[in-house]
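Participant: Here the structure of chain A is known, so what remains is to put chain B in place on it, guided by the hints.
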Amino acid sequence: MSLDDTCATAHAAHVSSTPGLREPTYFVLASLLDGPLHGYAILRRAEELSQGTVRLSTGTLYGALERLTAAGLVDPGQEEVVEGRVRRAYTLTDEGRVLLAAESARLEAAARVVATRLGTKKPRLA
Amino acid sequence: VTLPERVYALLLHAYPPRYRKSHQRELLSTLQDVLGAPPRLEAREAVGLLVGGLGQRLSATSRLQDRHVRATALLVLVLGLTSSLWHQAQWPNSVPAGSGPASFAPASPAYSHRTADVRTAPLGRAVALYQHGTGVEWRDYPQALVLAADRTATRRLSLALGRAGPGAQGDPAPMLLSSDGRYVAVGAYDEARMSS
Numbered sequence: 611m612s613l614d615d616t617c618a619t620a621h622a623a624h625v626s627s628t629p630g631l632r633e634p635t636y637f638v639l640a641s642l643l644d645g646p647l648h649g650y651a652i653l654r655r656a657e658e659l660s661q662g663t664v665r666l667s668t669g670t671l672y673g674a675l676e677r678l679t680a681a682g683l684v685d686p687g688q689e690e691v692v693e694g695r696v697r698r699a700y701t702l703t704d705e706g707r708v709l710l711a712a713e714s715a716r717l718e719a720a721a722r723v724v725a726t727r728l729g730t731k732k733p734r735l736a
Numbered sequence: 071v072t073l074p075e076r077v078y079a080l081l082l083h084a085y086p087p088r089y090r091k092s093h094q095r096e097l098l099s100t101l102q103d104v105l106g107a108p109p110r111l112e113a114r115e116a117v118g119l120l121v122g123g124l125g126q127r128l129s130a131t132s133r134l135q136d137r138h139v140r141a142t143a144l145l146v147l148v149l150g151l152t153s154s155l156w157h158q159a160q161w162p163n164s165v166p167a168g169s170g171p172a173s174f175a176p177a178s179p180a181y182s183h184r185t186a187d188v189r190t191a192p193l194g195r196a197v198a199l200y201q202h203g204t205g206v207e208w209r210d211y212p213q214a215l216v217l218a219a220d221r222t223a224t225r226r227l228s229l230a231l232g233r234a235g236p237g238a239q240g241d242p243a244p245m246l247l248s249s250d251g252r253y254v255a256v257g258a259y260d261e262a263r264m265s266s
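Protein sequences appear in the order of chains A and B.
According to our numbering, the first sequence is numbered sequentially starting from 611.
According to our numbering, the second sequence is numbered sequentially starting from 71.
Read the hints as simulated data drawn from the structure, not as lab findings.
Heads up, some of the hints might be wrong.
To be verified - Straight-line alpha carbon distances no greater than 16 Å define the calculated EDC-like cross-link-like pairs of lysine to aspartate or glutamate that follow: (1) B:K91 / A:E690; (2) B:K91 / A:E657; (3) B:K91 / A:E713.
To be verified - Distance windows between CB atoms, simulated: (4) B:R252 / A:E690: 47 to 53 Å; (5) A:E693 / B:V148: 35 to 41 Å; (6) A:R707 / B:L149: 41 to 47 Å; (7) B:A255 / A:T679: 48 to 54 Å; (8) A:Q661 / B:T152: 35 to 41 Å; (9) B:P87 / A:V692: 45 to 51 Å.
Stated by the list, open to error - Covered stretches of chain B (chain A as the covering partner; in silico rule of three or more C-beta atoms under 8 Å from a C-beta of chain A): (10) 90-96; (11) 114-126; (12) 186-196.
Beta carbons are placed, not taken as given, at the ideal position from N, Cα and C, and that holds for glycine.
Isolated chain B (complex conformation):
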């Protein structure tokens, strides 16, 4: 998933869920045609999506006529979007490591743009390597994550993410954590086989 794709996918959240369900795939097809391959980041298209989505929300919730009410509603929506994006980037509380029975974090960290790569930000030993989310559509972000042994930090495994092939619908490449938690092995998809 490239950066422009991520930006457009985020902006699609401006549309109400109901509209996304009925029109998103069609809208994305048109957008892909407009942008070409690989998709470029265009301010015009980005603003169009944001305005279009908010407009859709306004007309979906109620037919607001009053200009001041509209302006206020727009402000609330923008603030709401900003906070939800911020919220998405927050870490859930990690479980303190300790003695006692084996346990696992009750909530494994979800996708975040702010997660650092394990290559540039070493983690020490890891207790788990997992894929968060599945990639089916453009706006889905599967992320390969490594969880530290003390469960206080998570890093993304960009190596596996970089090998996410179109045939695998954006899923990271197959990956394995060594039993001592020090190494990972990352495979690669055979595109020729997957497409048949």
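This is chain A alone, in the form it adopts within the complex:
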């Protein structure tokens, strides 16, 4: 286990009490992989990436962002006004990226365990 993995595990424990990341948290982090996004864009991207399963309310999203910020996984930028809307762009930190990589590896391994026993040749993530 590398130092990065240890670091990621520690953060995972901090963010959620279960061994892995909860699905909404996972997709909120994943929505930031391609670059910083503001709140509304995160909602839409997370829904899109999860194929409609993660539909967060505004209150839930901001609760998650607050926890992720406290855990050092996302970095909230400065407030700015864009087209009459007050925005803040959230960036995935290096730690967040490491955690996400560890989590996707864990999910992939977990999926493979089942897929090989089912005789499926190509394991697919749900």
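Facilitator: Quick look at chain B alone, frame taken from chain A:
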């Protein structure tokens, strides 16, 4: 200010003041995007705000771990919110009208959802017409109020409130009470001029 806006604005009080100060404008922008215009009332969003706000309060005050302590704290918060909303709707004591030097109510009634419209609940002669509060942000509720001559009752002036334009940031339209206290005149904002 529409009803859904009022409901969401009330629910935002579930968040601790410190969080509101740093995040409210951003949160409202996102909420407005989600809801579209004009904002609809959605149970999902309403519950999300309430739970999110209470969660924020819990994590802000202390990192409570014990489930029972959390449940109790939640109950206390809900009761507190309910009572503060109720309190907000109460009338301050009115000053009895009488002879002697001219006086004014020491505290003019504040915003209340329960204030009836003067059109549907006539007041008789009025001694004052005033705007309570200013509208700057979404959660602020300016209200145009008419105070009865005997200072025992107040009515809202929905006509002026209905003409509150976005350019005026929610302030009621300009209004004037006639000297005999029987009539009000209500103007209208010229949006085209205000936005320039």
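Participant: Each hint: holds or not?
Facilitator: Taking the hints in turn, this is what the structure says about them:
1. B:K91 / A:E690: Status holds; Cα separation ~15 Å.
2. B:K91 / A:E657: 28 Å, violated
3. B:K91 / A:E713: 34 Å, violated
4. B:R252 / A:E690: 47 to 53 Å: 51 Å, holds
5. A:E693 / B:V148: 35 to 41 Å: The hinted range 35 to 41 Å holds for A:E693 and B:V148, with Cβ atoms some 37 Å apart.
6. A:R707 / B:L149: 41 to 47 Å: Once the Cβ atoms are compared, 43 Å apart, the range 41 to 47 Å for B:L149 and A:R707 holds.
7. B:A255 / A:T679: 48 to 54 Å: 52 Å, holds
8. A:Q661 / B:T152: 35 to 41 Å: At 40 Å between Cβs, range holds.
9. B:P87 / A:V692: 45 to 51 Å: 26 Å, violated
10. 90-96: holds (count 3)
11. 114-126: holds (count 11)
12. 186-196: violated (count 0)
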